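Undergrad: Letter by letter, the chains look like this.
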Amino acid sequence: MSKVLSLNSEQQDALQELLNISMGQAANSLAQLIETKIDISIPKISAVTPTQLFSLLFETENAYYTRQSFLGNIHGEVMSVISRSGLSEVAELMDYDEPLSKHDIQEIILELCNILAGACLSGLSEQLELITNLNMPTLFQPKKANFDELNWQHSLVMEVQFEIAISSFIMRVVFCLDDVSLSKIKTTLDEILE
Amino acid sequence: MFEQLVDKLPVGIGIIDESFNIVYFNEFFLDHLPLELRDNYKQSSIAELFPEQGKFLNRRLKSVFVLQHPSFSYWEQRPHIFPFKSSRPITGEETQMYQNMEIIPIKDTKSDGKLACIFLQDVTAQASYFKAQQKLSEALRREHEKQRQLIRKLDSAQSQLIQAEKMASTGQLAAGIAHEINNPIGFINANMHTFAHYTSNLLAICNGIEKRLNDFNDDLKHQMEALFEANQYGLIKNDIDELLEESTEGLIRVRDIVDNLQSFSIETAEGLQSVNVNQVGRQLISLISAQYNSIKYIFESDHDEINVIVNPASFKQALMNVMLNAAQATSENGFVKLSIIDKGESICLKVLDSGSGISPRNLSRIFEPFFTTKPEGQGHGLGLSVAYTAIEQHQGKIKINSKEGKGTIVEIVLPKQEAIDSSS
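Protein chains in written order, with my numbering: chain A, 1 to 194; chain B, 195 to 618.
Please keep in mind that the hints were generated in silico from the structure rather than gathered at the bench.
Calculated lysine-lysine pairs in the DSSO-like style (CA-CA distance at most 30 Å, straight line): (1) B:Lys256 with B:Lys279; (2) B:Lys301 with A:Lys184; (3) A:Lys102 with B:Lys256; (4) B:Lys510 with B:Lys568; (5) B:Lys329 with B:Lys340; (6) B:Lys329 with A:Lys102; (7) B:Lys610 with B:Lys544; (8) A:Lys44 with A:Lys184; (9) B:Lys544 with B:Lys490; (10) B:Lys340 with A:Lys143; (11) B:Lys249 with A:Lys37; (12) B:Lys249 with A:Lys102; (13) B:Lys256 with A:Lys37; (14) B:Lys279 with A:Lys102; (15) A:Lys143 with B:Lys329; (16) B:Lys308 with B:Lys236; (17) B:Lys431 with B:Lys405; (18) A:Lys143 with A:Lys44; (19) B:Lys308 with B:Lys249; (20) B:Lys347 with B:Lys591; (21) B:Lys308 with A:Lys37; (22) A:Lys144 with B:Lys329; (23) B:Lys340 with A:Lys102; (24) B:Lys325 with A:Lys143; (25) A:Lys102 with B:Lys325; (26) B:Lys279 with B:Lys202; (27) B:Lys325 with A:Lys144.
Pairwise CB distance ranges, derived in the manner of DEER restraints: (28) A:Asp95 with B:Phe313: 18 to 24 Å; (29) B:Asp302 with A:Leu100: 33 to 39 Å; (30) A:Thr138 with B:Phe196: 29 to 35 Å.
All values reported here derive from a predicted model rather than from experimental measurement. Don't be surprised by glycine CBs; every beta carbon is placed ideally from N, CA and C.
Can you build the whole structure from these sequences, using the hints too?
TA: Following this line, the structure appears as structure tokens:
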């Protein structure tokens, strides 16, 4: 792990705590919107290489992928993995009519990612007192070869998994930050810890 | 000033309050609204104003008000949220405007109430371009697929050519060998006759001696009898005719096969000739039966000789292909029957076999070039298509009927005298 990436244990604990709070808020927002119960996993923080990131995200079977970038005090990308199973129940909760067309499904996926990623990011930004703006999400079909050629060595990733209680639906949201943003977060965490 | 700026921006800007009623539309929105709505849009519900996408708009607005987070929509999934006309009513390819939409949460600076701001982008040009690109790439893909098929056919044709080349040289080889065999067969045949003649002379001498044994004195008689016995004269006398007969028959068969080989392999004569189809049929059967010898062959014709004007090479090739297929489809103890019927103006050749038959699905494609059910490398799917072309060129008709597991019947009708297609 490069030096830039290493969070000390205090920073890591603080970030973990902030993530717990903001992800909880995100789940609440979504639950409020679609009026159903949502479970979230404990957020995971780790450092990955491009190849590891690919395995972490895109070797999931039967899934849709999206990506979405964010700007502001910190820069990075949110990538989401959405299970194909259980999607029709979620569509119903979101007030879509059966049968779902290809375009309906795409729209649902993009909207789900936007809602969850947006909620997570705004929660985190609020906790860290940062300003962030999320750009529009797009569908993503990554190729492993392209990932092997990416020009960064390590990235900090924060991962959280959402599950909707009444269906088999699972969605994973992964935040990746660039180096500059990581330094910024570390500074902010230190300020909070003081 | 800012109000003017917002009004003139080339994107649609609309402000919606928490009850989903319209607070403000900029000029972009107003310009696209029907005339009767332009004066009294304020405070009307957005879902009422745009009923087609009302449900969707309400849903997205709710999400923005609840989550306080932007919502996006793209033309790919939902091209026409607002039923606006394209901005190029005269020259544009599209009649409806393609739109990307973003709704962001804002706050009323005076009352601090929650509001939503709709940004609407006209992306008709991009959408139109994208769709044209997609069409193009689809056309390209189809073209590519066609070419791939052509290449496959070319590959197949090339291997067929190589095969044909091989067959042609095999044919020439066979003709050469046939010619070489003919010479020794000629003198063996002649010698055989002389042999038979000499043998009968020798036998006559011995018979004469045998009859007159009693005229010799006892000593000589015993000597002669011992000599006959030692050389098994009795056996030789009985066996020799049979042996000679068998050998002569064998020679005739060899000569027949060689003749047939020659007449099928050195078919250089182009153009029309009178051909006795009965003779061709018989020759074919004897040729094919040499290779596929576990089947019974039946030849049937109501005349000894039926003459037609054909191109001998292509006619023989056609009949050979049909007969070969029949023989190959037929298993041991089955039969292949060739009947030739004279119908006055035309002749009818029927090839009937008790073979495996052809499924209805395959039957419809049977004359297609390169269609084959044989394992790869054993057939090129050209036999029947060649036959079809040859018969067509003779202004004839070829028909096929089959029942799976029962057998197949191929019927060829050929006019006796006809003008051949100039392309032949």
